[in-house]
Amino acid sequence: MRNLVIVEFLTVDGVMQGLGSPDEDTEGGFTHGGWGLPYTPAIHEAMPQKPSNTTAFLFGRKTYEKLAGFWPTRPDTDPMAAQLNRSPKYVATRTLRTFDWQRTQALEGELAEAVSKLKAEGEGDIVILGSGVLVQQLLRLDLVDELRLFLHPLLLGTGKRLFSDLPDPRRLKLTSSTATSLGTALLTYEVMHD
1 MRNLVIVEFL
11 TVDGVMQGLG
21 SPDEDTEGGF
31 THGGWGLPYT
41 PAIHEAMPQK
51 PSNTTAFLFG
61 RKTYEKLAGF
71 WPTRPDTDPM
81 AAQLNRSPKY
91 VATRTLRTFD
101 WQRTQALEGE
111 LAEAVSKLKA
121 EGEGDIVILG
131 SGVLVQQLLR
141 LDLVDELRLF
151 LHPLLLGTGK
161 RLFSDLPDPR
171 RLKLTSSTAT
181 SLGTALLTYE
191 VMHD
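By the UniProt record's numbering, the letter at position 43 of the sequence shown is numbered 43, and the numbering carries on one by one without gaps.
Hint data in this document are derived by calculation from the structure and do not stem from the laboratory.
It is possible that part of the hints are untrue.
In silico DSS-like pairs for lysine-lysine, Cα to Cα no more than 25 Å straight-line [said to hold, decoys possible]:
no. : residue 1 : residue 2
1   : Lys160    : Lys62
2   : Lys89     : Lys62
3   : Lys66     : Lys173
4   : Lys119    : Lys173
5   : Lys117    : Lys89
6   : Lys160    : Lys117
7   : Lys89     : Lys66
8   : Lys89     : Lys119
9   : Lys62     : Lys119
The structure displayed is predicted, hence computed values, not measured ones.
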């Protein structure tokens with residue numbers, strides 16, 4: 001049985017975005033794109049030293065399209081590129097049916113059933129990067145097993161928030177915490193399934 005692991009970059013007030021450029025996500029008039037770039041040089045300081053247990057990735061359509069436009073062209077000397085490019089990738093989409101990024105396919109069927117089936121196949125972690133709308137749906141369905149939150153020392157006041165309404169409270173167990181020299185904290189939580 002695999003674990004479903006969420007990896008997100010957040011501000012202290014819960015705004016989420018990747019570590020991309022200022023024009024990465026201007027949806028809704030968001031003007032603070034690229035806010036994570038000043039913290040990027042120290043992110044590696046918080047990364048676990050143990051080998052990755054990731055055996056697959058899961059993305060929402062928008063995140064997939066953004067990542068597929070960048071990572072396939074990166075050399076395998078970049079450890080993140082090597083892992084992303086060689087791992088199976090699944091996309092929660094009703095519109096995309098063809099994929100240029102190798103080892104990518106659409107999730108088939110309804111989300112809860114498809115993700116439950118994916119978790120039941122094999123060992124290791126299925127990692128979701130970004131994909132806020134998808135993550136919110138999976139949290140509501142109680143399918144998330146772990147949260148890895150890179151919490152940056154910044155308040156933005158506006159922007160997309162990762163967490164939204166849940167049908168029931170979710171208890172979390174802090175399993176590790178690490179800080180970088182630039183003030184980013186990596187907080188890892190196990191989601192307790194009651």
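So, going through the hints one by one against the coordinates:
Only pairs whose Cα atoms come within 25 Å are accepted, and Lys160 paired with Lys62 is accepted, the gap being roughly 14 Å. Restraint check for Lys89 and Lys62: satisfied, since their Cα atoms lie roughly 14 Å apart, inside the 25 Å limit. Between Lys66 and Lys173, the direct Cα distance comes to roughly 32 Å. Violation of the 25 Å bound is thereby established for this hinted pair. A hinted pair counts as satisfied when its Cα atoms are at most 25 Å apart, and Lys119 with Lys173 qualifies at roughly 21 Å.
Only pairs whose Cα atoms come within 25 Å are accepted, and Lys117 paired with Lys89 is accepted, the gap being roughly 15 Å. A C-alpha spacing of about 29 Å is found between Lys160 and Lys117, which places the hinted pair above 25 Å, so the restraint is violated. Of the supplied pair hints, the one linking Lys89 and Lys66 holds, its CA atoms being roughly 14 Å apart against a limit of 25 Å. Taken as a hint, the Lys89 and Lys119 pair is honoured in the structure, with Cα atoms around 13 Å apart against an allowance of 25 Å.
With a C-alpha separation of about 22 Å, the suggested pairing of Lys62 with Lys119 holds against the 25 Å cut-off.
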